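Peer 1: Position 157 of the sequence shown, counting from 1, maps to 156 under the working numbering, and the rest follow consecutively.
What the hints contain is simulated information worked out from the structure, not anything from laboratory work.
Keep in mind it's a predicted model, so treat the numbers as computed, not measured.
Heads up, some of the hints might be wrong.
As the list claims (entries may be wrong) - Below, a list of computed lysine-lysine pairs in the DSSO-like style, where the Cα atoms sit at most 27 Å apart:
no. : residue 1 : residue 2
1   : 162       : 148
2   : 162       : 212
3   : 239       : 266
4   : 35        : 17
5   : 7         : 32
6   : 116       : 239
7   : 266       : 210
8   : 148       : 32
9   : 296       : 260
10  : 117       : 148
11  : 278       : 212
12  : 210       : 296
Unchecked claim - Here are the in silico distance ranges between beta carbons for each label pair:
no. : residue 1 : residue 2 : range
13  : 83        : 116       : 15 to 23 Å
14  : 265       : 289       : 20 to 28 Å
15  : 289       : 242       : 15 to 23 Å
16  : 23        : 144       : 55 to 63 Å
17  : 282       : 7         : 38 to 46 Å
18  : 147       : 185       : 26 to 34 Å
Glycine included, every Cβ here is placed at the ideal spot set by N, Cα and C.
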Amino acid sequence: MKNILEIKTIADYFKLRKYEVLHPLVGIVDFDKVDKDGYSISAYDGFHYGCYAIFLKDAVGCKIMYGGNSYDYDEGTLVFMAPNQTIEFGGYDPNYVPKGYALLFHPDLLLGTDLAKKIQEFNFFAYSSNEALHLSARERKVILSLLDKIQFELELPIDKHSKKLIVTNIELFLDYCLRFYDRQFITREVVNKGTLEKFDNLLSGYFSSDKPKTNGLPSVGYFADQLHLSSNYFGDLVKKETGKSAQEYIQGKLIEVAKEKVFDPNKTVSEIAYELGFKYPQHFSRLFKQKVGYSPKEFRASIN
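Please model the complete structure; the sequences and the hints are all you need to start from.
Peer 2: Structure representation (structure tokens):
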């Protein structure tokens, strides 16, 4: 049985690293200041987080397992963990010494703040580790400057301004990460286009097979799994490359196929609906009219 450590609080992680807790709901670990006895994770197979955790990794040699695959932490890489996520450790150098920083904050820190209302907008907390953010030298400086501001507040006595300034800087940190991820989507344009091409082929193959009849309508998660991506990252990639959500893109292909099938007068609308994976023909007719402007029967009449 795997030994997974529960990181329910900031103190849980800081105790593991033998690091001083300055605030019960938020903290930053500078691995250069961690006692060497606070490095060992050999007793555990992974961590389960009850808080948000962001790691700026400046060393190579550590692998983690996510979704059944192992990934290297690259130098200058940001990895994001959300509450209720689990990471498992893969093979790593026994002499591995982490370098960089960890920013952890508990969801309770955000209660009553604007960030609490928008935290779900930061999809990268649900990205897999192989979809980490790789920082340029200039971007890294921005991130370090914000960590420095948060640490500055943590080292001051807590007063009525502390929470607002800490949360504001965390929100700014996340906003910059969102910008840097947008940049990464652009710099990885060739790779992304290759992924979209594979998605298109998978989508066409799905509708030309018997899978709609047996498995039903394809989901975003199905294609994300086929492409070894998280659903959130895959959805963001499709949106940035096409301007459409992944679900809209799938529906567009479905309507293209549906138009061809409706053109065949030997098939009833119900037969076409079942062939496309709909459980109920009326759901197909409703979507078709919404996207095309005509019901399937009206569309058939207009082209015959």
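Peer 1: Decide, hint by hint, whether the structure agrees.
Peer 2: Outcome of the hint check:
1. Proximity of residue 162 to residue 148 is assessed by CA-CA distance (about 13 Å); at most 27 Å being required, the pair is judged to hold.
2. Taking the CA atoms of residue 162 and residue 212, the gap is about 54 Å. The hint is violated against a cut of 27 Å.
3. Note on residue 239 and residue 266: the hinted pairing is violated, with a Cα-Cα distance of about 37 Å set against a maximum of 27 Å.
4. With a CA separation close to 9 Å, the supplied pair residue 35 and residue 17 stays within the 27 Å bound.
5. At most 27 Å may separate the alpha-carbon atoms for a hinted pair to count; residue 7 and residue 32 meet this at roughly 23 Å.
6. A C-alpha spacing of about 23 Å is found between residue 116 and residue 239, which places the hinted pair at or below 27 Å, so the restraint holds.
7. Straight-line distance between C-alpha atoms of residue 266 and residue 210 comes to about 19 Å, which keeps the hinted pair within the 27 Å bound.
8. A C-alpha spacing of about 18 Å is found between residue 148 and residue 32, which places the hinted pair at or below 27 Å, so the restraint holds.
9. Distance hint between residue 296 and residue 260 is fulfilled; the C-alpha atoms sit about 12 Å from each other, no more than 27 Å.
10. Simply put, residue 117 and residue 148 have alpha-carbon atoms about 21 Å apart, close enough for the 27 Å limit, and the pair holds.
11. For the hint linking residue 278 to residue 212, the alpha-carbon distance of about 9 Å falls within 27 Å, and the restraint holds.
12. Between residue 210 and residue 296 the alpha-carbon distance is near 25 Å, which keeps this suggested pair within the 27 Å criterion.
13. At about 19 Å, the CB distance of residue 83 to residue 116 agrees with the hint of 15 to 23 Å.
14. Separation of residue 265 from residue 289 is about 25 Å and conforms to the stated range, judged on CB atoms against 20 to 28 Å.
15. Restraint check, residue 289 to residue 242: a C-beta distance of roughly 19 Å satisfies the suggested window 15 to 23 Å.
16. Separation of residue 23 from residue 144 is about 25 Å and departs from the stated range, judged on CB atoms against 55 to 63 Å.
17. The hint said 38 to 46 Å for the Cβ distance between residue 282 and residue 7, and at roughly 43 Å that hint holds.
18. Taking the beta carbon of each, residue 147 and residue 185 are about 28 Å apart, inside 26 to 34 Å as hinted.
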